[in-house]
Amino acid sequence: MNAPAYNFAYLDEQTKRMIRRAILKAIAIPGYQVPFASREMPMPYGWGTGGVQVTASILGPDDVLKVIDQGSDDTTNAVSIRKFFAKTAAVRTTTRTADATIIQTRHRIPETPLTGDQVLVFQVPIPEPLRFLEPRETETRRMHALADYGLMHVKLYEDIARHGHIATTYAYPVKVDGRYVMDPSPTPKFDNPKMDDCAALQLFGAGREKRIYAIPPHTKVVSLDFEDHPFEPSRTPKICGLCGADDTYLDEVVTDDKGGRLFVCSDSDYCEQRRGAEKTA
Amino acid sequence: MYVAVKGGERAIDNAHRLLAEKRRGDPAVPELTLEQISEQLALACDRVMAEGSLYDRELAALAIKQARGDLVEAIFLVRAYRTTLPRFGASEPVDTGAMEVRRRISAAFKDLPGGQVLGPTFDYTHRLLDTKLAETSPSPSPHPSTVIVRASGRSSNHDVSNETDTEVFTGCSAFAGHDESVSITAAMPRVTDILGDDGLIEPCPPGDPDAPVGDLTRAPLTFPAGRDLRLQNLARGDEGFLLALGYSTQRGYGRTHPFAGEIRMGEVEVEFMAEDVGFAVPLGAITVTECQMINQFRGSATEPPQFTRGYGLAFGHSERKVMAMALVDRALRAGELGEERKAPAQDEEFVLSHSDNVQATGFVEHLKLPHYVDFQSELVLIRRMRAEIAARDEAREAAE
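From first to last, the protein sequence lines are chains A and B. Note that our numbering gives residue 15 to position 15 of the first sequence, counting from 1, and the numbers run on in steps of one. Note that our numbering gives residue 1068 to position 68 of the second sequence, counting from 1, and the numbers run on in steps of one.
These aren't lab readings, by the way, just hints derived from the structure by calculation. Here a beta-carbon is modelled for each residue, glycine too, at the ideal position from N, C-alpha and C. Don't take each hint at face value.
Taking lysine-lysine and the DSS-like style, the derived pairs with C-alpha atoms no more than 27 Å apart in a straight line are [to be verified]:
{"hint": "1", "chain 1": "B", "residue 1": "LYS1022", "chain 2": "B", "residue 2": "LYS1368"}
{"hint": "2", "chain 1": "A", "residue 1": "LYS220", "chain 2": "A", "residue 2": "LYS155"}
{"hint": "3", "chain 1": "A", "residue 1": "LYS87", "chain 2": "B", "residue 2": "LYS1022"}
{"hint": "4", "chain 1": "A", "residue 1": "LYS87", "chain 2": "A", "residue 2": "LYS16"}
{"hint": "5", "chain 1": "A", "residue 1": "LYS83", "chain 2": "B", "residue 2": "LYS1022"}
{"hint": "6", "chain 1": "A", "residue 1": "LYS83", "chain 2": "B", "residue 2": "LYS1065"}
{"hint": "7", "chain 1": "A", "residue 1": "LYS175", "chain 2": "A", "residue 2": "LYS220"}
{"hint": "8", "chain 1": "B", "residue 1": "LYS1132", "chain 2": "B", "residue 2": "LYS1065"}
{"hint": "9", "chain 1": "B", "residue 1": "LYS1065", "chain 2": "A", "residue 2": "LYS87"}
{"hint": "10", "chain 1": "A", "residue 1": "LYS87", "chain 2": "B", "residue 2": "LYS1368"}
{"hint": "11", "chain 1": "A", "residue 1": "LYS83", "chain 2": "B", "residue 2": "LYS1132"}
Computed footprint of chain A on chain B; a stretch qualifies when at least three of its residues, placed anywhere within it, have a C-beta under 8 Å from a C-beta of chain A [what the hints assert, rightly or not]:
{"hint": "12", "segment": "1009 to 1017"}
{"hint": "13", "segment": "1331 to 1340"}
Residues of chain A clear of chain B, computed beta-carbon distances all greater than 12 Å [as the list claims (entries may be wrong)]:
{"hint": "14", "residue": "LEU24"}
{"hint": "15", "residue": "SER72"}
{"hint": "16", "residue": "THR187"}
{"hint": "17", "residue": "LYS258"}
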């Protein structure tokens, strides 16, 4: 049996070129979902195959890669993806947001502001913001083409009528560059404002659904809302039990069976940097 | 404790070591060889090759071993290897009419040219656990003929009562002399061709042999999908999913009145057009199973009624799969044939978007991944809404 041999960063060069073409198109039409010939990857669909393909296509030998899941470098799937690229591309990896050139993420945007030298790659499960309102792709493509987003506004309005609030707390829809309504992937809506006018290129890869989309640097990204119900990012109104931050997104850790809770920064690097700074100060 | 909640690198490494240990099982029990899997779990290998879309028995056996017998996991392993292989072209269409047949039955005709060849089948076995198999047994003696009907006109130098299938068919393996293959295939025309000669069934959709064939692993699927992509999708699709959908059409959800016109299984030759030499060169033979369903008619004021077709084809001996595939293929043609589309099996986007078990298992199982930041934002909202209602109730009580 011939032992299989794999290319730099796993994907073959033709595939990378195909994906790069899709990325360029996505950057040219901010927020538009570009279909691409997504490959079967050696990790399961729904576990970051889209993000991994985007990262593999833009990764060079000099890049420094950071991978986070739920804001942390130490969650199981982040560890697995980081090891995948360390093994197949032998690139340097880091947990420090500021040191990374490419950051692949699932469900969070780092608290540390990103720079123009960085690319943020999102893993996307369902790229279509209208999918749960209209299951048919043929229909939703038509709706995007006509900028027919009335259904989404009706949904948000019905939330308010029923619950008093817009009941979407993550994957909160945004309008990109005044044209396409886009799913920001299941990041908590707390992170939505970070997408607006972001210095870094933001790329979104959905492997199972075979779509790539992008927000070019310094693009206007607006969370959908109403004049009398303006968008508000939400977080647990506590401070981090480790670093004391009062403006970060917090994870809630159950500490005992008597209602004990510890709230800690979801962005583990940001939290560590703050604690390091405290010590040296 | 915080880190313990997040998992970590060492835990993953240890989990994989534990998996390797569990895969091996009790070291006192001899380890399985790939040959044993390929020979004795042959139908598992066939399914992994069919849904993994890669005709390689050895890799299929390796994948089954590595996956501890979990076939969807094995299919996933094969797919993730297949996707990295370079494409150097498409083969010529395989000719199932020229198949070296090991099994061929028709439920539409009692007797037909070439006869009914049962071949190796579970059909008509009594499903009683055979305790003799619990012990290793000596090799079974060569099996007798499984041909139950032979139409006249069969070449007489084959004495049915003495021959065995193996003898007949090893005699015309992939590159054997053409004479015998021709004599066999000439005696086993496809049932749909027999009906087609009388104009009783719609002709196969006319295909341009030079037209490029779609490949959903190289271009994203768009809707409506052509016949090539529909059949590719179904051929790779999960057997269980297609089985349930095919079954649903039989129970009235998109009924098509099917007959198993013909099911045939055997070896077909794969040829590749080599531009350098200017003719098609044989690459080898593969085992496939084909099912042609004959379904109820269409016709119009100007056209006389004809039977319609549903088609199934898969690698290996995959009979349940190709029968289900043929039912679903036919159901999905509802729009094309002017039938009302109201059942799930007739809904192209629904069927083709959910047939792939590698996609499905990945997305269902991704729910195991941490979702705590999303869950946290839901907690914030639900606590806030509950607090608002509690405050409103308190205010009302105070007012009363």
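Hints versus structure:
no. : hint                   : verdict
1   : B/LYS1022 to B/LYS1368 : holds (21 Å)
2   : A/LYS220 to A/LYS155   : holds (23 Å)
3   : A/LYS87 to B/LYS1022   : holds (25 Å)
4   : A/LYS87 to A/LYS16     : holds (18 Å)
5   : A/LYS83 to B/LYS1022   : holds (23 Å)
6   : A/LYS83 to B/LYS1065   : holds (24 Å)
7   : A/LYS175 to A/LYS220   : holds (8 Å)
8   : B/LYS1132 to B/LYS1065 : holds (25 Å)
9   : B/LYS1065 to A/LYS87   : holds (24 Å)
10  : A/LYS87 to B/LYS1368   : holds (24 Å)
11  : A/LYS83 to B/LYS1132   : violated (49 Å)
12  : 1009 to 1017           : holds (count 3)
13  : 1331 to 1340           : violated (count 0)
14  : LEU24                  : holds (17 Å)
15  : SER72                  : violated (5 Å)
16  : THR187                 : violated (8 Å)
17  : LYS258                 : holds (16 Å)
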